[in-house]
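Undergrad: Protein chains in written order, with my numbering: chain A, 1 to 268; chain B, 1 to 268.
No lab work stands behind these hints, which were simulated from the structure alone.
The reader is advised that the hints may include incorrect statements.
Note: identical chains are not told apart, hence a pair may lie in one copy or across any two.
[Said to hold, decoys possible] DSSO-like mimics (lysine-lysine), calculated; alpha carbons at most 30 Å apart, straight line: (1) K128 / K214; (2) K185 / K132; (3) K132 / K214; (4) K185 / K215; (5) K128 / K185; (6) K215 / K128.
Every value quoted in this text rests on a predicted model; they were computed, and no experiment measured them.
There are 2 protein chains.
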Amino acid sequence: MKDAYVHGYDLRENIRLQDQASTLVDLLHSDTLYPGGSRVLEAGCGVGAQTVTLAANSPDAIFTSIDISEESVNAARRAAEAAGISNVDFRQGDIFHLPFGPGSFDHIFLCFVLEHLPRPVEALEILKGYLKGGGTITVIEGDHGSAYFYPDSEFARRAIDCQVELQRRSGGNANIGRELYPLLKSAGYEDIRVSPRMVYVDSSRPGLVEGFTKKTFTAMIEGVRETALAAGITDQGAFDRGIRDLYRTAEAEGVFCYTFFKAVAVKA
Amino acid sequence: MKDAYVHGYDLRENIRLQDQASTLVDLLHSDTLYPGGSRVLEAGCGVGAQTVTLAANSPDAIFTSIDISEESVNAARRAAEAAGISNVDFRQGDIFHLPFGPGSFDHIFLCFVLEHLPRPVEALEILKGYLKGGGTITVIEGDHGSAYFYPDSEFARRAIDCQVELQRRSGGNANIGRELYPLLKSAGYEDIRVSPRMVYVDSSRPGLVEGFTKKTFTAMIEGVRETALAAGITDQGAFDRGIRDLYRTAEAEGVFCYTFFKAVAVKA
């Protein structure tokens, strides 16, 4: 199931890299600004796709960005250097076993991480231990069940469900966005505020048609083709028709909708 | 199928009438303001649930509000009088056969109307004839396929699908919100701008839990129970479990999401 996990990362990478990245990055990041001198933990930085924006938006905050993959952390470090970012300390580490003392951070930031974890509430509880009282946690997740489109297609929905099922089998949850409120509540956070960030794409927005509908979302679903066929959860004809139908939503008459969820909560 | 049609109206009425009505009304109406002296046609005013807000927000515009039902028009007239609204001329009329000359109006407004029409593009084309060149049309519609929730439930989704199927059988389309862009394009409008208006409800927003999740959306689905059973498109056990599961999304750990679509387009 490594493939499904890797493809989970595609969403994160592509959002940063596509033509309309600035629109999508703004949609997710524009209201995350940390005060100068504050210590911020980015848990699960991957190859640094979010780190670069995060650290650039709060140039006087001091970031520690960790990821379980040494390889990803090295890539993230290089990406930050290339972007002239100097306020991030990158370290390899496992969210469930981090080498920090209680209350080490003023704020914590996670983006596209909980979706991959079998025990997201436990992760949020553990992270709470590293937060100072009054500190905030910010969580951003997608939700594949929020995807709908015109023309509608049962095949397209089933192709998306393949990605959801593969992610489930690897212990994750591709529909976790809608759950941020109950997850944070279960983990004991307070003053939880969730705001959905909907991406609406029609042909009057060609950058998003190309950058989001086609190259990010549909490409991500297309990317699980071999794994889904090997797992026997779809057949070639149905899956390929689903992908064709997803590309149809990027044509002149098509519409594509997807929603990211962003939550901010406080440690009492 | 009269029932399904009537229940289609429930959404419209309830949005106006529930506790959190002001939030929802703002969500849909706040950016619709017509200049003083402009002539505006509200096509399909029903019992005036939107008319009162529409006319109050643009007190110096001159409204003509029509509905195919004489009874509804009379109720709308009384509602406007009760609200102290005096800038609306109410008339019975069929969108497909209105007694106005070409270019009679500066602007047209429709809310929760296209979802009931078997030929929405034709309606939009006919309405375009009543618009002056450079005039705008504003269209607001819901989309039941935009509803998703936590805890997720196959039964809840199937109960919602009953309403969608009944509305389809009566010639309408409960998932029309996502289609506003292609519909307006097909009808020959230009400069089409669609903006989704997502309603996100968790237990930190008790007014919306009560006013939207329970008393508006779930009550509307619950309202098609007898019609759906009589039509044989569900069975009692499955439907009732779906309704119970929808109410569960209104409990402390629950989340409910729904999106309205608002489009503004121009007659060239």
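Undergrad: With identical chains treated as interchangeable, where does the CA-CA distance between K185 and K215 reach 30 Å or less: within a copy, between copies, both, or neither?
TA: Classified as between: cross-chain Cα gap 25 Å, same-chain 35 Å, threshold 30 Å.
Undergrad: Can you give me the call for K215 and K128, within, between, both or neither, at a CA distance of at most 30 Å?
TA: Classified as neither; 36 Å inside a copy, 36 Å across copies.
Undergrad: Classify it for me, K128 with K214: is the Cα-Cα distance of at most 30 Å met within a copy, between copies, both or neither?
TA: neither (37 Å within a copy, 33 Å between copies)
Undergrad: Have a look at K128 and K185 and pick one of within, between, both or neither, based on CA distance no larger than 30 Å.
TA: within (12 Å within a copy, 50 Å between copies)
Undergrad: Between the shortest in-copy and the shortest cross-copy C-alpha distance, which are at most 30 Å for K132 and K214: within, between, both, or neither?
TA: neither (42 Å within a copy, 38 Å between copies)
Undergrad: 30 Å Cα cut-off: does K185 pair with K132 within a copy, between copies, both or neither?
TA: within (18 Å within a copy, 54 Å between copies)
Consistency with the previously given hints fails for numbers 1, 3, 6, ordered from lowest to highest.
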